[in-house]
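Participant: Each chain is listed here by its residues.
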Amino acid sequence: MSAIDELYQEMIIEHNRNPRNFRTIDDATHTAEGFNPICGDHFHVYLTVDAEGRIEDIAFEGKGCAISKASASMMTQILKGKTETEARELFDQFHKLATGELDPDQQGKDLGKLAVFSGVSKFPARVKCAVLSWHTMSSALDHVKVISTE
Amino acid sequence: MTSTSTLQAAAGAPAATRYDVQRVRAQFPALAQTIYENKPLVYLDNAATTLKPTPVVDVIAKHYAMEASNIHRGLHYLSERATQAYEGARRRVAGFINAESEAEIIFTSGTTAAINLVALGHEALLRKGDEIVISHMEHHSNIVPWQMLRDRLGVVLKVVPINDDGELILEAYEKMLSPRTRIVSMNYVSNSLGTVNPIKAVVDAARAAGAITLVDAAQAVSTRPVDVQALGCDFLAFSGHKLFGPTGVGVLYGRRERLEAMPPVFGGGDMIANVTFDKTTYNTIPHKFEAGTANIAGVIGLGRAVEYVQALGLGPIAEHEADLLGYATQRLSDVPGVRIIGTAGDKVAIISFIVGDVHAHDVGSILDQDGVAIRAGHHCTQPVMDRFGVPATARASFSIYNTRTDVDALVSAVTKVKDLFG
Ligand SMILES: Cc1ncc(COP(=O)(O)O)c(C=O)c1O
Numbered sequence: 001m002s003a004i005d006e007l008y009q010e011m012i013i014e015h016n017r018n019p020r021n022f023r024t025i026d027d028a029t030h031t032a033e034g035f036n037p038i039c040g041d042h043f044h045v046y047l048t049v050d051a052e053g054r055i056e057d058i059a060f061e062g063k064g065c066a067i068s069k070a071s072a073s074m075m076t077q078i079l080k081g082k083t084e085t086e087a088r089e090l091f092d093q094f095h096k097l098a099t100g101e102l103d104p105d106q107q108g109k110d111l112g113k114l115a116v117f118s119g120v121s122k123f124p125a126r127v128k129c130a131v132l133s134w135h136t137m138s139s140a141l142d143h144v145k146v147i148s149t150e
Numbered sequence: 001m002t003s004t005s006t007l008q009a010a011a012g013a014p015a016a017t018r019y020d021v022q023r024v025r026a027q028f029p030a031l032a033q034t035i036y037e038n039k040p041l042v043y044l045d046n047a048a049t050t051l052k053p054t055p056v057v058d059v060i061a062k063h064y065a066m067e068a069s070n071i072h073r074g075l076h077y078l079s080e081r082a083t084q085a086y087e088g089a090r091r092r093v094a095g096f097i098n099a100e101s102e103a104e105i106i107f108t109s110g111t112t113a114a115i116n117l118v119a120l121g122h123e124a125l126l127r128k129g130d131e132i133v134i135s136h137m138e139h140h141s142n143i144v145p146w147q148m149l150r151d152r153l154g155v156v157l158k159v160v161p162i163n164d165d166g167e168l169i170l171e172a173y174e175k176m177l178s179p180r181t182r183i184v185s186m187n188y189v190s191n192s193l194g195t196v197n198p199i200k201a202v203v204d205a206a207r208a209a210g211a212i213t214l215v216d217a218a219q220a221v222s223t224r225p226v227d228v229q230a231l232g233c234d235f236l237a238f239s240g241h242k243l244f245g246p247t248g249v250g251v252l253y254g255r256r257e258r259l260e261a262m263p264p265v266f267g268g269g270d271m272i273a274n275v276t277f278d279k280t281t282y283n284t285i286p287h288k289f290e291a292g293t294a295n296i297a298g299v300i301g302l303g304r305a306v307e308y309v310q311a312l313g314l315g316p317i318a319e320h321e322a323d324l325l326g327y328a329t330q331r332l333s334d335v336p337g338v339r340i341i342g343t344a345g346d347k348v349a350i351i352s353f354i355v356g357d358v359h360a361h362d363v364g365s366i367l368d369q370d371g372v373a374i375r376a377g378h379h380c381t382q383p384v385m386d387r388f389g390v391p392a393t394a395r396a397s398f399s400i401y402n403t404r405t406d407v408d409a410l411v412s413a414v415t416k417v418k419d420l421f422g
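Residue numbers (the numbering used here), protein chains in the order written: chain A, 1 to 150; chain B, 1 to 422.
It is worth saying that the hints were derived from the structure and are not from the lab. It cannot be assumed that every hint is accurate.
[Stated by the list, open to error] If you want a taste of the chain A side facing chain B, the calculated C-beta under 10 Å gives, among others:
1. M1
2. D5
3. M11
4. D41
5. H44
6. V49
7. K63
8. S68
9. R88
10. F123
Even for Gly, the Cβ is constructed at its ideal location relative to N, Cα and C.
Okay, chain A solo, but in the shape it has when bound:
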């Protein structure tokens, strides 16, 4: 597979076209806004976290490239039902996957389908696209309202 086909795997193209949980949550307990000033990607992430720290619902909206949008979409799928602690651990693993520090075949079984983002590591300029929604999610959990990655 060429590097470009590895970057734009079928699943990424599909999530870009039909993003899941692409909506707002009016009574969200946590929200944050994430920007990438260089490319103009801009997302809102909404979470409803229950008293036990479990993510009951998670959604996102905004504009961005295929990588950032598909990443946000698949993040919402995997995080629904997870605890805050698990979400942060997954972010850490996902970050390592995107930067090439984690081999999806050896480690990172928890990431499941997110392994399709391993191709991003060959495109240093695109790593920030893949992690934007994750940064935004973790800022929301930290009660930080706006973040900007570069």
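Take the given structure of chain A and dock chain B with the ligand to it, following the hints.
Facilitator: Below, chain B with the ligand without anything else, positioned relative to chain A:
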């Protein structure tokens, strides 16, 4: 392998080359490399920065290797030689834009620094309620310095609108001028739309209104002859790195009376005539505005780059690029889903475009893997993106060494975007 000339013949029309492009290409070693898996480099990001020809690289290396020393200060041989090379570059730049005197050429770190210098230099001359006029298609470097003045001084910033083709609406501009207009600062050529503004008319109207004029010529000086006396502008700014010269060096031209009236902005060595703790007297222009040790090697490199451009001739360069613009516009327009943003009647070879609803960054990555270097983003012109309702565009910008074969490579890579994203 197919030769360039066969490919060009296959593309239908002969290349309208007024100089030997292959000889020019041979002076840019970067173009001879292959990237990724043996892809020839197709460099179409010239509006961001141009590649550097061997003579420019060599003169910089020679300065550092053989004559590195400070200027205007040493009595010794090397310092004298470096000073002569530096001041020689100033004379060359003065001739290039037809300044009346080389004293009107100030070396800065680039266009951005030049615009900021004019803005800061006029701070004391502006009053609350005074008006500054810019256009909707300015680079951020010709927006933010004026906003900063506005926020400090309470001056009013007015923005001339543009039409759907990305052209300045001249009538709106003329109506905007008033006795309160103190400064008009506008780009000659837009870096994101490619539009060539009717800059002479802009300057004439501003002068008639008694306003000071600053022309951002960052994208102009490499694409057309620029004559500051014919334009009649007070200030004009450009960068070395978009003109085949090094990064970190640029020019502020200022008409003598204006420079003499403007207070210095940075204080330090070189810009003074005499210093005591009670009182400092300033050096004459242009030195008054060049505090501290300058980018000596950069200035010398810029001087050599200007010489290089003069030898090719801006007329032939403009013709060459007009051919590429016409060919690329037509070929890209033929690709289904491609929309060109910036369709002014008078344009340079800069083409901003979008491919269906695919984000420009995805387009950029796909093209890059094919060896085609373009820029994707807002190009430091966010208001232009907002005006056209897009978050970003892909931008191909052509220069002296590009060919129709490069255009073909671009179009073939853009077609792959369509294949991948369906
Ligand atoms: C029209 C225009 N103005 C100003 C600038 C800023 O130039 P520099 O970054 O070299 O200071 C640019 C460069 O992108 C430009 O294209």
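Participant: For a quick check of understanding: which of the numbered hints are violated here, in increasing order?
Facilitator: 1, 3, 5, 6, 9
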